[in-house]
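Protein chains: 2
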Amino acid sequence: MKTLPSLSLAGIIITSLLGCQSSNLQYQDNKTSHQLQQSAVNSNLGYDIVESLTVEVGPRLAGGKNDLVAVKWAEDKFKSLGYDKVYKEPVKVPVWSRGDASAEVVSPFPQPLVITALGGSVATPENGLTAEIVRFHTLADLKKAEPAQVKGKIVFIDQKTERHKAGNGYGKSVGGRSKGAIAAAKKGAVAIVIRSIGTDHDRMAHTGAMRYKDGIKKIPAAALSAPDANQLNAILKRDKKVVISLKLSPQHLGYSTSYNVIGEIKGQNKPEEIVLIGAHLDSWDEGTGALDDGAGVSIVMAAGKHILDLPTRPARTVRVVLYAAEELGLIGGKQYVKTHKNELNNHYIAAESDFGAGYIYRIDVNVAPQKFEQVKNELSSMKINGVELGNNEAGGGPDVSMMPSLGVPVASLRQDGRDYFDYHHTPNDTIDKIDPKALAQNIAAYTQFAYLMAQSTTDLRPIKKK
Amino acid sequence: MKTLPSLSLAGIIITSLLGCQSSNLQYQDNKTSHQLQQSAVNSNLGYDIVESLTVEVGPRLAGGKNDLVAVKWAEDKFKSLGYDKVYKEPVKVPVWSRGDASAEVVSPFPQPLVITALGGSVATPENGLTAEIVRFHTLADLKKAEPAQVKGKIVFIDQKTERHKAGNGYGKSVGGRSKGAIAAAKKGAVAIVIRSIGTDHDRMAHTGAMRYKDGIKKIPAAALSAPDANQLNAILKRDKKVVISLKLSPQHLGYSTSYNVIGEIKGQNKPEEIVLIGAHLDSWDEGTGALDDGAGVSIVMAAGKHILDLPTRPARTVRVVLYAAEELGLIGGKQYVKTHKNELNNHYIAAESDFGAGYIYRIDVNVAPQKFEQVKNELSSMKINGVELGNNEAGGGPDVSMMPSLGVPVASLRQDGRDYFDYHHTPNDTIDKIDPKALAQNIAAYTQFAYLMAQSTTDLRPIKKK
Ligand SMILES: [Zn+2]
Ligand SMILES: [Zn+2]
Ligand SMILES: [Zn+2]
Ligand SMILES: [Zn+2]
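Protein sequences, first through last, are from chains A and B. Start counting the first sequence at 1; every next residue gets the next number (this note's numbering). Start counting the second sequence at 1; every next residue gets the next number (this note's numbering).
Be aware that one or more of the hints could be misleading.
Any copy will do: because identical chains look the same in the list, a pair fits if it lies in one copy or spans two.
What the hints assert, rightly or not - Simulated pairs of lysine-lysine, BS3-like, Cα-Cα distance not exceeding 30 Å:
| # | residue 1 | residue 2 |
| --- | --- | --- |
| 1 | K143 | K240 |
| 2 | K240 | K72 |
| 3 | K186 | K143 |
| 4 | K240 | K65 |
| 5 | K79 | K376 |
| 6 | K338 | K165 |
| 7 | K153 | K143 |
| 8 | K165 | K240 |
| 9 | K437 | K165 |
| 10 | K72 | K241 |
| 11 | K237 | K437 |
I should point out that these hints are in silico values taken from the structure, not numbers from a laboratory.
For reference, chain A alone in the conformation it holds in the complex:
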């Protein structure tokens, strides 16, 4: 009885924060939301989960040796956390293995370069290939080039990735990685190397998915670390003719079956309506996938657990989805909307965590415009966790990005990702880069979000499709 007055006081404060609109239901929900936030920020659960994943599984490339180890880990973890229902859904994934990668400057100043194969790249000939490089500042510049300038050469795209809180630098430069090989091959290049899509100055190259196009020659594609890209520039300043050699031995090995792994907290009033929070279970193979996306996995798994620990289940079902093969092209996300196409109209709202473990500073949504203020009101207790209420322009995250066009409302919980691209897709993506306090704040935000949306009395549809 002693704690009641102070809890009531907290309730009154929250109520007054909300102005005079709050119903009694909302008063109770906000009290619970406040309690959930407190439990989450004071819990180590999330850190323990990401530690377990990165230590006991480690790297888990979709289709690779550890992929099904990760799937098993996820099922076991959901079960040990006491989720009401745990299941998995098959996802067909390509099998690509990295092999080795090496490169050197052959002339004018022989020396090794640090590179890594881009995900999906074909191999070079077994003994490598050797050619002059031709530098372009951006993919757009490459597209404008005369084919004669490119033919027979190794294209070098040298665009720097800017550091931004919201990660906007990535979108500006990543085209060189994903589409550079197509543009280079069209003009007769024999290979492509890019300045890593990263904000660090470490001697580590950033991998990531690249694409080919039917009918256009598949050429080997690799990334150079930032200091190595600088080095090529310094050499080019001294001598316009720079010859490098490149040796990559990745292999394409057909297809295998991976799984989206799902844990549910069954809603007590509207069990068929779903609040989806997700992350992707796969990772690139060179780090242990701590920030990308072990953090997200631990955030959504732990958020669900905090809701499971409530005395009663919320109204709607909270579905935690760990997607397969995000890194290879949102494959698990695309499969999910196929598998669940008949159920999508029961998806109340969806959000994915896939940007590391930096503090969440804002939540954006994409809901019916006339309901936007009402939803913000319902989410307003997230402010006690340092989360502002933002705009109605959310995308939802990579694996749920196809949902808005299918009519499903989404939310984006915006993280401070200033250092995310220092480590992204490198061997350096390890658990020491995660701040346990920031991770706990993320979990608190997802817990509040999932709970409040599972209790919401607002109809969020129809959303404006873009």
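Fit chain B with the ligands to the given chain A structure using the hints.
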């Protein structure tokens, strides 16, 4: 004529800093020292030199492909800077080539580990070796262990290197790297892996020299990156039996000839007396040797150039020595004192720069105790460059460390090396880690030091030998 009054004013200020002891000669020397400091901090010369070395030569392992490229570069650079005399002296160096290095956790949680061979390590069998690990916190703990605990296993020494301004952490942990293989082999270990001797948390392993001992089995030796050492600990916490595999393919390929490369500024009054400033030209093979020791090379080469630019030569000869094969055991430094044994009594004082490019905050010396105050007085204009006058306990730097026991006075210009061991002996030792302003301040300090010592009127001997 317009600038004369202000120069005189500077001279008066310096004179008053020195109290009333300054002679007219010293007044002139301090004025020149002040001018040298100003020219040096406002010059890009040093940065241009280290950029030239790291771009046009890059990595330059003693005995390796680029070693003689570096020697040629150094001779050409001395000549182009206008040194009075440029020559080289042969140094016999062992030839060791790194080959490849890989490691994995075999059980309980299969995953790759990031390692690098320690310099001088033998190879594993061609298909690698697989064994259980046994962890020790320090080399001392390994030495105390029961052989039965170690026999047939891979020793894992897990000591962290502390971060200190003066780099003291290195001395505490480096024994595990240099002597661990001997201690482990004595107890029957099949290999040794150590936590990298480094202060960073990057996924890069730090190489560095290790030793064997006649009569004790040579076992393969490698370093793990800090996150990988953490990972082994996290796995050991879950399962005491951890099996790893290790594959290293370094080769010992006999001996070859390298060179100490020397540039001189001939003294006009006492040309036979030598002020030696040095650095080592060789580097490890994975970075470009920017901090270790391209910085030192550029500091002493540029310092000499600023003295060359004076209207007249100083009294004594300034000898800039770029040592061969420091990394393989101070080989160039040891050869130098042999080659110059009849001239050592003409070495007035010696100092080496080999701790990166952080700001110099203090100069220590090792001179005759009764001359210590007088020398400090002569060096006092270094204060305008932010350099304090320190103690009489200097060691002089690795390649001159054998000189004090041979009676030669030395100085240690102490650098802020707080981040030096973040990059030391890793691929990450690249030029972007050098702050051009701090480098210029180092050059100013070496310029003032070399000039003032070349002009000194104090007899620095006999020093106290330790
Ligand atoms: Zn991701
Ligand atoms: Zn990713
Ligand atoms: Zn060194
Ligand atoms: Zn070194």
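Comparing the hints with the structure gives:
| no. | hint | result |
| --- | --- | --- |
| 1 | K143 to K240 | within (21 Å within a copy, 56 Å between copies) |
| 2 | K240 to K72 | between (53 Å within a copy, 23 Å between copies) |
| 3 | K186 to K143 | within (9 Å within a copy, 63 Å between copies) |
| 4 | K240 to K65 | between (43 Å within a copy, 24 Å between copies) |
| 5 | K79 to K376 | neither (33 Å within a copy, 72 Å between copies) |
| 6 | K338 to K165 | neither (33 Å within a copy, 59 Å between copies) |
| 7 | K153 to K143 | within (15 Å within a copy, 56 Å between copies) |
| 8 | K165 to K240 | neither (37 Å within a copy, 42 Å between copies) |
| 9 | K437 to K165 | both (18 Å within a copy, 29 Å between copies) |
| 10 | K72 to K241 | between (52 Å within a copy, 22 Å between copies) |
| 11 | K237 to K437 | between (46 Å within a copy, 23 Å between copies) |
Hints 5, 6 and 8 from the list above are not met by this structure, while the remaining hints are.
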